Amino acid sequence: MNAQKKYGMSIDVDRCTGCGSCMVACAVENNIPPAHAGANDRNGLTWIRVYKVDNGEDYPGKRSAFIPVLCQQCGEHTPCASVCPQQAVDVDPRTGIVGQMPERCLGCRYCMAACPYHARYFNWWDPRWPAGMEKTLNPDVAPRMRGVVEKCNFCHGRWHAAKQKAAAAGKSEIEPGDYVPACVEACPTGAIRFGDLNDPSNDLRHPDSFRLLKKLGTDPKIYYRSKRDWVRNVAQASRPVSSQKEASHG
Amino acid sequence: MTTTRRDIFKFAGGSALGALLTPAPWRLITDTALWSENWPGIPRPARGEIRAKFTHCSLCPAGCAVRARCVGEQPVSLAGVRGGLCPFGVTGHQLPYHPARLRQGPVSEAMAAVADAIAKCGPGERVAVLDLRPGRTASWTARRAMAVLKNGWYIAPVQSPVAVDLTKARTVLSLSAPLLERWGTPANVFAVRDGFRLIQADPVESRTAALADLWLPIRPGSEEALALGLAGQLTSAETAAMTGLSEHQIESVGQTIGFGRLSLVIDRAMSPAVVALNVKLGGWGRTIVPRAEAPVPPEWKKAAPVTDLAAVPDRSIRVLLIDESAPGEYLPWDAIEKKLAAGNPLVVVFAWSANGYGRYAKYVLPTPVYPEATDDIPPAIDSPAPCFRIAAPLLAAPAGVVTPSEFIASLAGLPPADALRERARAIHQGGRGTLVTYADAKSVPVKEVKPDDFWKALNAGGCWVGQALPPANFRAPVGQALPPANPSQGLVVLATPPAPSPASPLFTKLYQESDLLLAPNCIALHPQDAARCGVSAGNRATLETPNGKWSVRILTDSSVRPGVVLAARPEMASASGKVVRV
Amino acid sequence: MRGKIIFLAGLAAALGAGWAGFPYAIYTSRPQPVDFSHKVHADKAGAKCEDCHAFRDDGTFAGIPTLDKCAGCHAAAMGTTAAEENFIDQYVTPQREPPWASYARQPENVFFSHAAHVKLGNVKCESCHGALGASDKLPRYRQDRISGYSRLGMSMTDCIACHRQQARADSCLDCHK
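Protein chains in written order, with our numbering: chain G, 1 to 250; chain D, 251 to 832; chain Y, 833 to 1009.
Bear in mind the hints are in silico, worked out from the structure with no lab data behind them. All values derive from a computational prediction rather than experimental measurement. Virtual Cβ for every residue (Gly too), placed ideally from N, Cα, C. One or more hints might be untrue.
Stated by the list, open to error - Cross-link-like lysine-lysine pairs, in silico, BS3-like; alpha carbons within 27 angstroms at most:
#1 Lys-165(G) <-> Lys-303(D)
#2 Lys-969(Y) <-> Lys-956(Y)
#3 Lys-588(D) <-> Lys-400(D)
#4 Lys-165(G) <-> Lys-880(Y)
#5 Lys-612(D) <-> Lys-400(D)
#6 Lys-171(G) <-> Lys-836(Y)
#7 Lys-6(G) <-> Lys-171(G)
#8 Lys-171(G) <-> Lys-956(Y)
#9 Lys-135(G) <-> Lys-612(D)
#10 Lys-692(D) <-> Lys-551(D)
#11 Lys-880(Y) <-> Lys-901(Y)
#12 Lys-62(G) <-> Lys-828(D)
#13 Lys-969(Y) <-> Lys-6(G)
Claimed, not checked - To give a feel for the contact side, a few chain G residues facing chain D, derived at Cβ under 10 angstroms:
#14 Pro-33
#15 Pro-60
#16 Lys-62
#17 Asn-138
#18 Glu-150
#19 Ala-161
#20 Glu-185
#21 Leu-213
What the hints assert, rightly or not - Chain G regions said to be covered by chain Y (calculated; three or more residues, Cβ under 8 angstroms):
#22 99-113
#23 162-168
Taking the hints into account, I'd like the entire structure generated from these sequences.
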């Protein structure tokens, strides 16, 4: 039997430039289609989404930071799993990953209402790619259909591939380097790190780190870090955007 | 005996009950559910053997090393070899399927028209190639071709004569250079980011400014004044007046970067004033070095010189061939247009999409796009050593596209030889430097590699790295003090760092499904300015500058300096813009 | 009395159609492109399944062999059967891949690793594929008219039964992708 894993992430907010590599790499990996013409920032599909937050001041006192928010893989009272009427959400006891089963989902979106992190997304449209671009789809992830909810699952296709590679070599344990989610691999600044939280050697749960909306007690597996106090305060606010209509630039 | 209505109902009732006791209805329900999961409206990813291929990204001058995950021959995802890729690089394999991709063009017709126009060139009229990314092997081919034509000219944006060595710097002062966004090679920059203190002088709180150790909010356009001030060519008071910083701030920066402190000053293109300041700070041979190029075969030296567009006489170009296949620096069209001969000049554009100069051209010829294109990427500005790396194609280019350098070479009757291979041979004959291969992460001296293996390794995503040039005597160009800019009439429009355009269709994740990046059809301005112009966030408006008018969507952002408009398209940049609500 | 008979007649007709007719009517069926005998090949070409149904270097399973593998022996006729002659004329000579229909192919949303089951779990091929490897004739390929699934494929119920029995992973995403 495999050793119990608890996969998690550490995101250094002070290194994130908000370039968006993680967001597009996630879409490439997980076969998420480009936006429908009618989509906007409320109904698009972005399993990982980088929010721009600021300290609330005006130019030149304003300071901005970028916080990537993905499924926080809650370990306690997982809000989405507890409300799903279809048992389409489960928490894998061996990896700690919160799994979402589009095939079981009936599209009621109760989980989206329950998720305090807005990390679940609904397929409002049929998945469509520009002609020819479907050739670039990743064979390790099945495209979803219209009418179901989806979310980050720590690139489960890559976990499958790593398991398969280990099995082919006759091993039941994967090499940690073989399982790296797409956003982690894509991050040019090294702000996102990934690993087994049970393994003390990887320093993901640094004492200075914080988790989003700690007061809810959902025990997320995504640990954030920042030396800036105002960033740490923003991370405890219910919606991590200070003024939604404000844009960022790049 | 007759069948009554009642009999039919009884029979139907019996059948209904019977049917419920068979698998049929339940099976139909299950099957329908399964069909809905796999119905033909959902595309199916192709399956097959998965393998890794290596290449270099040619979307920008950084030329990051790329590992492509391929199913059969088809790349399905890209990753960086030495650190992550930018979002453009991550989605590069989707560009061949971009809806804006050009696939057909009148190649033979354009060829005949160009040959005809060259033959009919009047005295003093010229044939010119405008290359947006000079220094490539394809650029050398164009230069050789222009040397063969007696009235040929090779025009390219001026390249900085220096490269920087970030590994040596303890303090970096960036004058609006997007160091942490799109300047140099991301893997190199972030590998040493913790080794230097970053001071960002920037009119807006750019991404680099947001993560800098110190952000100096200067007036737009006053970067050069700050450089001259720090070099002592302007007084603190003059510099303060021009940059909008306090004298104290300027003096404090001056002390931080002071002489001999391993400081590096950069701006977007390493302008002469900035190079002069670095030399003055003692950085020559340390933090800045002469920019080195990979060797070329000796017979290529008879190439046409590189001419700056500004040095070309007005109204002198009869035939202009613009190579846009490798995106580079943006040159405003009106600067190009005034160099064209009066009366029906012939403009041919080589591009993979119709987004660029194509709209001004008589012929637009489709080119291969990364990762179909075979090209090399000259050393980036943060590469102190020369290098030679090939963007080896991962996909076959479709029929009907044309490689610009082949087209240009055939005009001059140059043999259609493989210039990249010739250059690789010359590098190998030089015998210096090492060959780095990514598949096995090895680095071998070139002397120990056979010529054929060298060529093969380069095409499999290898990279030749030479030795940095010894710092020769360098005469620093003298920066000139500029007169203080006139107070702008209206708003100053600044452009975000230039990006490959168009980007993958998946960029809707960053433009439309979130507002992470400023979309090409959006502008951002301070809420006060927005109120003054009578617009608010989400409104449609027109941006008017002397260069043109654009229909844009408004975003408000209090990290943009009042009086400044931030736009994503370089052609919108202007010293005086106006925003009008539609 | 007559009413009862008619009712029972309806019941019987539906039961007959539902149990006897429907399970056949729901499938389309087509023969495999080549009249292939696993038995003959097991005797003459390779003793083990893996000799033709091989793993790739990266641990993925290649499934039905491609034409190159067949052409290795059948570049010219080895025997005298009509089936072999047809195969060479129609596929080997024109170098056209036979459009094999895979009985056991899982739908797009399933991740199945042969490596994990065969190499790590020591599951026998026959446990899932039945006695296909010893058969002399390929059965017709039957495909569900609505869902498009193969009749001989493993269903989720089959997978789960074994996983539960062996106390193996049974979280959704262990097998779904």
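Here's how the hints hold up against the structure:
no., hint, result
1, Lys-165(G) <-> Lys-303(D), "holds (18 angstroms)"
2, Lys-969(Y) <-> Lys-956(Y), "holds (21 angstroms)"
3, Lys-588(D) <-> Lys-400(D), "holds (22 angstroms)"
4, Lys-165(G) <-> Lys-880(Y), "holds (22 angstroms)"
5, Lys-612(D) <-> Lys-400(D), "holds (24 angstroms)"
6, Lys-171(G) <-> Lys-836(Y), "violated (66 angstroms)"
7, Lys-6(G) <-> Lys-171(G), "holds (19 angstroms)"
8, Lys-171(G) <-> Lys-956(Y), "holds (18 angstroms)"
9, Lys-135(G) <-> Lys-612(D), "violated (34 angstroms)"
10, Lys-692(D) <-> Lys-551(D), "violated (33 angstroms)"
11, Lys-880(Y) <-> Lys-901(Y), "holds (15 angstroms)"
12, Lys-62(G) <-> Lys-828(D), "holds (25 angstroms)"
13, Lys-969(Y) <-> Lys-6(G), "violated (49 angstroms)"
14, Pro-33, "holds (8 angstroms)"
15, Pro-60, "holds (4 angstroms)"
16, Lys-62, "holds (5 angstroms)"
17, Asn-138, "holds (5 angstroms)"
18, Glu-150, "violated (13 angstroms)"
19, Ala-161, "holds (8 angstroms)"
20, Glu-185, "holds (5 angstroms)"
21, Leu-213, "violated (20 angstroms)"
22, 99-113, "holds (count 5)"
23, 162-168, "holds (count 5)"
Hints 6, 9, 10, 13, 18 and 21 from the list above are not met by this structure, while the remaining hints are.
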